[in-house]
Structure formats: C-alpha cells, structure tokens
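Enquirer: What follows is each chain in one-letter form.
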Amino acid sequence: MVPIAYYLILAAVLFCIGIGSFLIKRNIITIFMSIELMLNAVNLTFVAFAHQWKLVHGQIFVFFVMVVAAAEAAVGLAIIIAIFRARQTLNVDQINLMKN
Amino acid sequence: MNHLTPFQTYFLITLLKLVVVLVLTLTAVAYTVLLERKVLGRIQNRWGPSRVGPFGLLQPLADGIKLFLKEDLMPLAVERPLFVLAPVIALGCALISIAVVPFGALTTVKGVDIFQVSDINIGLLVVLGITSIGVYGIALSGWSSNNKYSLLGSLRATAQMISYELALGLSLVGCVMRSQSLRLRDIVDSQSAHGMRSWNVIGGLQIVGFFIYLMAAYAETNRAPFDLPEAESELVAGYHTEYSSMKFAMFFMAEYANMITVACVATLLFFGGASSPFGHLIPDFGGAIVQAVLPIFWFVFKVLCFLFLYIWVRGTLPRFRYDQLMSFGWKFLLPLAMANILVTALVLAIHG
Amino acid sequence: MQLVLFLIFAVLCVAGALNLLFQRHPINSALSLVVVMMSLAVIYWTLGAEFLAAAQVIVYAGAVMVLFVFVVMLLNAGEEERTTGSRAAYIAGIPGVAAILALLTYMFMHERAALGYATLGGSLNHTTSNITEISRVLFTELLLPFEVTSILILVAILGAVVLARKEQ
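If you're matching them up, the sequences are chains A, B and C in order.
Reminder that position 21 of the first sequence reads as 32 in this note's numbering, one-by-one numbering, no gaps.
Reminder that position 274 of the second sequence reads as 376 in this note's numbering, one-by-one numbering, no gaps.
Reminder that position 135 of the third sequence reads as 1601 in this note's numbering, one-by-one numbering, no gaps.
For reference, chain A alone in the conformation it holds in the complex (with noise of 0.2 angstroms):
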C-alpha cells in the first residue's frame, strides 16, 4: 500500500529536473534527453492515475506518448546530424545563425 501521491511527487521531481537540465545544459543532445526525462515523468503520472481509476486509457496514452516520442526523437536526431554537418559543433551558444 503507497500512496498515489508518492508516485505524483517521484514524477513532480523527475519533470523539475528535467526542466533544470533543460535550462542549464549546452550540449544539444543532452538539451533533448531532458526532454525525453520529462515526458517519462509525465507518464508516470499518466500510469498512476490509471491506476486510481482502474481503466486502461492513462496506460494507452502513454502507449501513444512513447510512439509519439520515438518518432521525435528520429526526426529530432536527425537534426542534430544535419546541425553538426554544417556547423561542426553541438553546443547551442555557437549555434546562433539566427540571431540579429
């Protein structure tokens, strides 16, 4: 027996941190794992609330969260390939073509 609410704030923590690397990390790669860290928190909730109501839609959500997430993480990626080609780095200070 655990309360939902520990599984809600375990997600709560995880999303923060990805915020917080989100913000502070340079690496591009690493930019769009904390992206990949705060959609997993926020399936946590997902599943947890599933589990409250006892139905399986939170759970298929999730399902399509992770399709929709593997799908971005290719495109995503490939970015990142076609980025560095042109620019030889993966830093996003330097990757400032559009700025003024």
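Only true hints are included.
Straight line, CA to CA, 30 angstroms or less: simulated BS3-like cross-link-like pairs of lysine-lysine:
| # | chain 1 | residue 1 | chain 2 | residue 2 |
| --- | --- | --- | --- | --- |
| 1 | B | Lys-172 | B | Lys-250 |
| 2 | B | Lys-250 | C | Lys-1632 |
| 3 | B | Lys-172 | B | Lys-140 |
| 4 | B | Lys-168 | B | Lys-140 |
| 5 | B | Lys-433 | C | Lys-1632 |
| 6 | B | Lys-119 | B | Lys-212 |
| 7 | B | Lys-168 | B | Lys-250 |
| 8 | C | Lys-1632 | A | Lys-110 |
None of these hints come from the bench; they were simulated from the model.
Add chains B and C to chain A, keeping to what the hints say.
Expert: Chains B and C only, in chain A's frame:
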C-alpha cells in the same frame, strides 16, 4: 522442512533453482564452445580439440583456466568505468533472459514450479526487452575502447542489431496470435496437443515466420553469416579488440549464451518447447520421474539441433557485405514479416 | 513490500536523473537516462501496467536511447564545454523550477487521502490480463488515433531520412 514457513520454503527452492539454472547455463555455454570447435573442425576436415581429456571433453576447462590466468590489460586511453561495465552488461543481459524459459512440463514441488525460474505473463516481451538492452554492452565496449576498429565494429553491431530487432519481433507475432498469449508456458501448451502436427512451424504454417526469425536471430547474435561487427579480415576483432583475459571471456560467453537463448526461444515458439514430437502416439511409460525428465530431454534435444544448425551455417556460408546486410534486413525480411502477419491474421480470422 | 520496491526504484530514478544533470559527457548522461527508464519500467510494473513496462524497456531503453548513444558515438561528441549560458535560465529558471516542485509536492501531500492508495500488481480487472484489456480498447474505441499515430511514424521516418541524407 516442516519447521519452515511456506514463504521460507518458497524462497529456498527458488534460490536453489536460480543457482542450478545459472550453473547449468554456464556449463552449457562452455560446452557449446567445444561443440562449435568440434563441428567446425569436422566441417573443415580436421579433428578439432582432441588432446585435453577424452575426445577433448576437458578443453572448456583448460580454456577457462587459461583465460583466468592471463594478464588483465587495461589500455591507457580507455574510458575506465564504461570499459569495465560493458562486458558485465553484455554477459548479464545474455544470462537474464534464460530466467523466463520453461525447460520442462509444469512440475510443482511444494507449490513452486521447478522447471522455470519465473513464469511471467509477458515472458516473450521480457526476452525481447532484455535482448534490446544487450546492445548497450557492445555499443559501450566499442566506444570506451578508444580504438577506431572497436568503434567501427560497435557502430556496425548497433545498427545491425536495432535493424534486425524489428524483423525478429515481427516474425514472432504470428505465433503469438495463434496462441493468444505472451506467456511462454501458454505458447508451448498451445502446441502440445498433437505432437509434431500442432507445432507452429508445421501445423501453424509459421514456416515463413520461422525463417525470418532464424535469419534475424543470426544477425542479433552477430554470428556468421552476419558477423560483420567482428569481421577479423577488416576490423581486427571488432568491438572487443582491446579486451583481454576475463573481460574478453565475458564477451565470448555472452555471445554463446545469446546463441543458447535464441535457440531456446526458437524451440519454444516454433517447435513446441518441451513437448514430445510424437504427442500421444507413444503411451506414457515409467514413473512420475521419467515423465518429468522426458520433456527436458526433448527440450535439450531441440535446442542442441538449433545450436548445430548455427554452427553448420557458420561453417558453410560466406560473410555478407554491409550494404547487403542492411538491404536484406530492411527491404526483404521486414516486408516479408509484415506479409506473414497479415496472412496469419487473415487465416485465423477465417477459421475463427 | 510495495513501499520497499517503490523506495528502491524511486531513489534509483532520482539518482539517475540527477546524474544526467551533473555528468558532463553526453554518453554518461544517456546511460543515466537509461537507468531512469529501467527503474520507471519496474515502477510501472508494480502499478499493474505490465505491457507498458515491457514497452518502456523495448521502445525507450532499447531503441530511443540506443539511437541517442549511437548518435553520440557517431558524432564523437566530446565533453561539454562550460559556457556562461543564458543568465535568464539561472535567475528565473531555477527558482521557478523550485517553486513548481514545492507547489506540486504540497498539493499532492495535501490531497493524499483523496488520491487513494496503490496496490501491488494493479487493481485492474484480473479475469483479463492487462494486455488483453489494452488491446481491446486500443483496437476498438481508439482505432482512429492508433492509425493516425502510424501515419505520424511513417512521416517521421521519411523526415529523418531526408534530413540526415548527405546532399548530392
């Protein structure tokens, strides 16, 4: 054991089961290496190992001692933690998946199923998941070695394994649809009714799925004819170039343990697992013990046939080129696997 | 029992996530994210979502993260350079994150009784397995979204191929 609570009995039997399965698997790995060397030797018209013990039967022991006693080299430029972690991941993942395999018919002693470590209702997915985690071992070993041959080998291996995982997973869907369960025990039971005629590969018309599985499995385990990650003529030794002594032995054992797992899954899904190929044609004989041991005999026999096939293929076929490998996986196996699923679903829908 | 399992894997999760934040090499960050995902899979399992646990391991840990590791290896991305970064992130971001975390935690602890308790292995209808239930809903009620996601995947594959291809 009367003074033990049911939980303690359960715990002790389970622990014993784990130890026995682990020891047996590791022994099987060692003797698979010997089998490979013997059979390859015969295929190439030579004897194979024959000096240590009768017929070279103690050769695995000698190999083990040799690998233990060798110097454990740690190259200077490696990424130390990952370099050490990589073989552990590879061997661990190779050994874990054996836990969901049912070796024999359902036999319970004091409420514990003694011929299967754990009966999970998503057993097949567990095997697939652990196989996909095993990729990390190879990917990290190549990257952390700081060696271009290792890196090239591991890049090849990673790309190859994620490509063929798709075909591997899809080829099993037909069997899952037929048995309507992902529990490996249920899948075996669904094929045990009429002996050989109800096996998925014959009665279930999954022969196409079986061939896809077989080819994808060779690629998954990085074995000939898809052994590009360690193609010795191009890449020295591929991802384990920099490894020596026990760390090398762990990669070596992982490869053979993976072979055994793949053979077990093929047996369970396509060849009726531990059920007898004759069904009820032969009347039950012997006592309860014989009836409990006979399924294990059939299981081991089928797995050995697969291992022999593996070695035979290695001794016979030349290595693929890398672009051939990729186009074979994506343009031939994957569409074929999808077609197999469609046809199987159609047949099942018509026959009800 | 469930509390022990939860605590072990929650600690692993948070440790992995923090390690993702503090490691400077992308490959170490990727591996810590794998640890987070595997522990989340176990937590899903304890919540009775076996299918999602397996999908988490196969899709996230086994495919998406392998792709990340693969790209890091392919681009040979080295250690992250320390740059000043945006000042706004430090001034507004970190306190903002802390505030969100505090607010959420307070809310959840406050509504703790109303949210109820989780039981090990889930409390879904046990006559049908989790997978049967999911597939029934997925292929009847939610068939259209399912088909739409398959088109999304197709578009994503094409996009990835076009983007990553070398220009002639």
